[in-house]
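Visitor: Spelled out from the first residue to the last, the chains are:
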Amino acid sequence: MSATLPRRRASELGLGILAVIVAAFGYLLVQLAQKPDVPPDLWVILASVLALFIGAHVAVRRLAPDSDPVLLPLAALLNGLGFVTVARIDPGLGRIQAVWTAVSVAAFVLTLLFVRRIRTLERYRYTFLFVGMVALLLPLAPGLGKTINGARLWVGIGPVNFQPGEAAKVMLVLFFAAYLVDKRELLARGTRRIGGLRIPELRHLGPLLLAWGISILVMVRETDLGQAMLLFALCGLMLYVATDRIAYVLAAVVLFVGASVVAYSAFGHVQTRVQTWIDPFRYANNKGYQLVQGLFGFAAGGFAGTGLGLGNPKQIPNAATDFVFAAIGEELGLLGAVAVLIALLLIVGAGLRIATRAERPFPKLFATGLTAIIALQSFVIIGGVTRTIPLTGVTLPFISYGGSSLVANWVILALLLRMSDDNARGAPNRRSTVAARAP
Amino acid sequence: MNPAIRRVGVALIVLLLLLVGQLTYLQLVDANSLNHNPHNTRALLQNANRPRGDIVTADGVVVAHSVKVSDGTVFKYLRQYPTKELFSQVVGYQSFLFGSTGVERTYNRDLTGQSLQLQLNNVGGLLSGNQITGTAVLSMRADLQRAAQQALGFQRGSVVLLDVKSGQILAMYSTPSYDPNPLAVHSNTLAQAAFTALNQNPDRPSLPRAYRERYPPGSSFKTITASAALETGVATPQTNFPTLTQLTLPQTTSTLKNFGGESCGGSLVDSFTFSCNTTFGRLGLQLGDQFVPAMAKFGIGSAPPLDVSPGAVPSLGPPAGSFQQNQPLFALAGIGQGDDAVTPLQMALVADGIANGGVIMQPRVVQEIRDSNDKLVQRFSPTPWMTATTPQVAAAVTQMMVSVVQRGTGTGAQIPGVTVAGKTGTAQTVQGANPHAWFVAFAPAEAPRFAVAVLVEHGGNAGNDATGGRVAAPIAAQMLKLALGIR
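Taken in sequence, the protein lines are chains E and Z.
Mind the numbering: the first sequence is residues 31 to 469 in the numbering used here, read in order.
Mind the numbering: the second sequence is residues 43 to 529 in the numbering used here, read in order.
It is worth saying that the hints were derived from the structure and are not from the lab.
Accuracy of the hints is not assured; some may be wrong.
Distance condition first, Cα-Cα at most 30 Å in a straight line; then the derived DSBU-like pairs of lysine-lysine [said to hold, decoys possible]:
{"id": "1", "chain 1": "Z", "residue 1": "Lys299", "chain 2": "Z", "residue 2": "Lys339"}
{"id": "2", "chain 1": "E", "residue 1": "Lys65", "chain 2": "Z", "residue 2": "Lys299"}
{"id": "3", "chain 1": "E", "residue 1": "Lys344", "chain 2": "Z", "residue 2": "Lys118"}
{"id": "4", "chain 1": "E", "residue 1": "Lys344", "chain 2": "Z", "residue 2": "Lys126"}
{"id": "5", "chain 1": "Z", "residue 1": "Lys118", "chain 2": "E", "residue 2": "Lys65"}
{"id": "6", "chain 1": "Z", "residue 1": "Lys523", "chain 2": "Z", "residue 2": "Lys110"}
{"id": "7", "chain 1": "Z", "residue 1": "Lys110", "chain 2": "E", "residue 2": "Lys65"}
Chain Z regions said to be covered by chain E (calculated; three or more residues, Cβ under 8 Å) [stated by the list, open to error]:
{"id": "8", "region": "45-59"}
{"id": "9", "region": "66-72"}
{"id": "10", "region": "76-84"}
Some chain E residues well away from chain Z (every beta-carbon gap over 12 Å; in silico) [said to hold, decoys possible]:
{"id": "11", "residue": "Ala81"}
{"id": "12", "residue": "Val88"}
{"id": "13", "residue": "Leu159"}
{"id": "14", "residue": "Trp184"}
{"id": "15", "residue": "Ala293"}
{"id": "16", "residue": "Gln305"}
{"id": "17", "residue": "Pro310"}
{"id": "18", "residue": "Phe311"}
{"id": "19", "residue": "Val370"}
{"id": "20", "residue": "Leu375"}
{"id": "21", "residue": "Lys394"}
{"id": "22", "residue": "Gly413"}
Beta carbons are placed, not taken as given, at the ideal position from N, Cα and C, and that holds for glycine.
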């Protein structure tokens with residue numbers, strides 16, 4: 031019997047326990063910075079975090095035993111660090127985030143449980159497109175939608191607010207992947223000629239143009255630049271991977287620039303974002319306040335950071351959500367911030383490795399799209415708070431406060447692990463392993 | 043599809059590495075300028091939240107200390123001043139809203155452990171993350187400070203007592219004073235209210251009169267006039283001056299009268315002993331344009347480099363080179379009136395210069411910095427500030443000052459068994475107001491140890507009858523006695 035199975039899961043368990051220890055120590059440090067006693071709930075926190083991780087780990091052992099061993103510990107690390115940071119900024123939000131973490135792990139387990147074959151999802155592509163579109167547009171529905179911090183992204187049902195856009199992203203990526211796998215030959219070849227360019231039939235491009243139109247609609251009605259940029263980039267990126275034609279990337283860039291110019295001249299908030307990006311200190315006391323406070327946070331952190339619980343991240347408005355990375359940069363310094371980036375890089379690496387190893391085109395494209403969600407979303411928000419690009423509000427995967435985003439990211443993780451497990455099982459040399467395990 | 047996926051991978055990695063680059067720029071390269079950006083209150087807050095060492099007196103009384111609090115504000119420490127108004131004008135306060143003043147400001151880096159000496163002393167602590175603090179040890183003594191406070195009572199005025207050889211200040215108190223504690227509270231509303239009330243108080247208790255308010259020095263300034271006359275050779279101690287009741291001033295019809303309309307004159311020693319205005323008005327005229335440079339050597343026109351912030355203000359005399367245009371002003375300057383305007387600290391430094399063989403020492407209120415384990419980190423060594431005159435002239439002026447206390451206007455400063463050298467001053471202010479009473483002195487005259495300047499505004503309790511000899515001299519004697527350890 032091959033030793034691969036126990037070794038992979040043993041690595042996962044070991045790395046995961048390390049991540050749990052990091053989170054628990056972080057929590058301890060935050061508490062100690064406030065008063066010099068070991069917090070009485072430390073053991074509760076430690077036990078809960080450990081239980082959540084062990085729960086997820088056992089589910090992977092049962093449901094996706096041959097999957098990649100680093101993804102789950104990395105997610106646990108980022109989620110743990112995010113919880114510590116959110117709880118440090120606002121203990122009340124921390125408690126809610128803890129509940130959402132439990133819900134997310136449950137969603138992770140349920141996804142692994144119900145999605146036994148990734149192929150099944152491929153079949154329901156139009157269902158997912160429909161549900162995704164509805165979800166994206168739901169906040170615009172009168173009575174249901176809620177505007178929080180100037181963006182109409184929320185749907186409130188009773189006391190629970192959630193952002194259906196987070197789930198919509200995953201469903202739209204699924205649709206793109208399935209649709210592009212079908213049409214990629216047609217799209218890659220192109221039948222019409224306009225000048226020197228070969229353009230595919232409009233009816234093949236239709237659904238993609240529809241998605242583009244919707245992202246613009248989202249941008250207009252929900253004042254959500256980040257989400258629109260993300261959807262757009264995902265669409266172009268997957269089109270490129272499916273067809274291997276760089277022309278699509280160029281076309282996407284041209285369309286994006288065009289849309290940006292229109293958006294800039296049409297919407298005040300777009301102008302604000304660009305102005306504060308170019309010269310934040312000119313608007314330090316008004317529209318650039320948040321960005322400037324974030325930059326001061328990074329500067330205060332310096333190389334090694336002020337130490338957990340010893341900085342002043344509360345000076346930054348929304349430090350627990352959009353600006354959570356500035357809080358990490360302040361208290362954990364360049365070292366901590368780069369550690370987070372490395373963890374994200376490792377997730378991206380693992381995700382794309384799953385894509386390249388997949389045998390069929392659908393999981394290849396789907397895994398690429400899911401990984402790109404995490405990578406691009408991280409880039410958009412970290413780039414925004416570090417003034418690399420104009421600021422747009424999206425969540426930092428696994429770290430920012432916010433239930434919808436956390437659940438969506440854990441579902442992405444489950445789907446990636448499912449495909450990873452499929453890859454290993456699909457490989458001829460592993461088949462014997464599976465057979466040997468059968469009673 | 044794999045080559046395309048790999049290219050996407052490379053692109054995503056490049057994007058994330060771009061962020062690493064920007065982070066490095068923000069947190070290492072640009073951090074310093076961001077930390078000093080005028081919009082950055084975080085740096086202020088961080089400074090306010092650094093653990094801060096104590097300020098203690100030479101005799102071990104804690105004047106300022108920080109207590110750890112969690113009062114729901116962003117502040118972690120509350121600065122407290124147990125001695126309240128006794129040291130506030132020197133030690134100052136630390137406030138997030140109004141910044142800090144006094145010793146709190148000057149020695150901020152030492153108190154918060156950021157000074158190079160403290161950092162070097164505590165390399166181990168730096169690595170272990172222990173935050174170090176420094177203790178500022180004042181040269182001032184709480185018992186002397188309290189004595190000055192009691193001696194002044196409800197009278198407005200200042201007392202400055204210093205160590206002759208080192209220039210260290212042992213007591214520096216002025217009335218009215220204020221309690222700094224309400225300014226250091228964490229509630230912005232309360233702190234602002236206290237600050238407004240303090241600044242609107244017509245008695246200006248927040249003004250450290252001892253080193254930031256100028257008064258006409260009156261006859262106490264004759265110490266400088268006499269030194270200048272001796273040094274320039276305009277007069278010797280034995281030079282005889284005519285006995286007059288008044289001196290006719292050039293370029294005008296007005297006259298300069300002696301105190302109480304008396305007639306006086308005789309030798310320079312006698313003129314000094316009985317504070318004869320006609321003699322010293324004449325000396326002012328004889329010195330002419332030599333007078334202002336002689337004053338400058340005593341520090342008139344320069345701010346004494348006192349180690350508090352905001353610092354001491356410079357004292358003033360007539361404009362240099364203006365003798366020909368305005369001769370009467372120089373006669374008035376000779377008796378400490380007219381353009382002469384001095385701080386009590388400056389007059390204590392004049393006494394220090396005479397007592398110390400002509401060399402004025404740099405005044406200080408902090409003698410050393412210790413670390414949190416009470417280990418000595420830095421001791422501030424005595425530094426000369428000005429060379430006021432020659433040892434010979436200083437000795438001659440000392441003799442005249444001894445004569446003042448033994449048989450002249452300053453007999454109220456006598457201490458049994460100790461030779462006191464002193465000079466009175468009764469300074470006219472505005473028409474109708476009572477004169478300021480001054481006394482500058484040092485003791486023992488043979489081997490001077492302590493110098494003192496006392497000012498009581500508008501005669502204090504004695505009112506119109508006040509003279510420097512009657513009101514200020516006894517306070518000076520009391521301070522010298524206590525400093526010398528005589529009961």
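Visitor: Could you check the structure against the hints above and give me the numbers of any it violates, in ascending order?
Guide: Of the numbered hints given earlier, those the structure breaks are 2, 4, 6, 17, 18, 19, 20, 21, 22, listed in rising order.
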